[in-house]
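Chemist: First residue of the sequence shown: 1, per this note's numbering; consecutive thereafter.
One should not assume that every hint holds.
[As the list claims (entries may be wrong)] Here are the simulated DSS-like pairs of lysine-lysine, each with C-alpha atoms no more than 27 Å apart in a straight line:
(1) Lys-176 <-> Lys-75
(2) Lys-130 <-> Lys-176
(3) Lys-62 <-> Lys-75
(4) Lys-75 <-> Lys-130
These are calculated hints, taken from the structure and not from any lab test. None of these values were measured; they are calculated from a predicted model.
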Amino acid sequence: MTMKNDHLMNEQTTPPEATEEQPQQPADTLARIAELEAEVAQLKDRWLRSEAEMQNLRTRTKREVDEARQYAVQKFARDVVEAAENLRRGLDALPAPAEDEPELLAKLRGGFEGVERSFVAILERNGIAKSDPAGQAFDPELHQAMAQQPPPEGVTPGTVLQAWTPAWTLNGRLLKPAMVVVAGDSVSETA
């Protein structure tokens, strides 16, 4: 019985089929490992590219949302600027202050000037700024030429002589160009 047990034990510990596959198994295993490593590298590359794409998408979306938030009121701001310009036109239409003017007119002028100062200050606090381009070089991106005049003595052609309306910007972006009178070339004016 011991001999039979030894024989059974011998068969269990080293089966003949296992000894035949052992030399081929490392080659198959190495090939499988190489295949899996290539797949892992490919998946890692795809994952890194996806992560980079997601980061770019997040950045682009944040920039677009910030820009939309910053300029969402552009149409409203343009309308409000029109009201500010109309207030200025109304003040300019009043007669010049005189010593003998009625007290009511002086109080109205003072009140409207205070309203205009307050209104412009509110606009500036909300990113809407006005600028008077008189004396600056004409810039077609910021100014709308309404008329051209010969340049006065000492003024170079292309200079803004007078601004009918100021230029308005919303957070640095042009909202409404200034309507201006530009000094023209005196040679072309006479020709």
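Chemist: Within a Cα-Cα threshold of 27 Å, do Lys-62 and Lys-75 meet the stated pairing?
Modeler: Holds, at about 22 Å.
Chemist: Can you confirm whether the C-alpha distance between Lys-130 and Lys-176 stays at or below 27 Å?
Modeler: holds, 9 Å
Chemist: Would the hint linking Lys-75 and Lys-130 be met if the CA-CA limit is 27 Å?
Modeler: holds, 16 Å
Chemist: Does the structure keep Lys-176 and Lys-75 at a Cα separation of 27 Å or less?
Modeler: The hint holds at about 11 Å.
The structure is consistent with each of the numbered hints, conforming to all of them.
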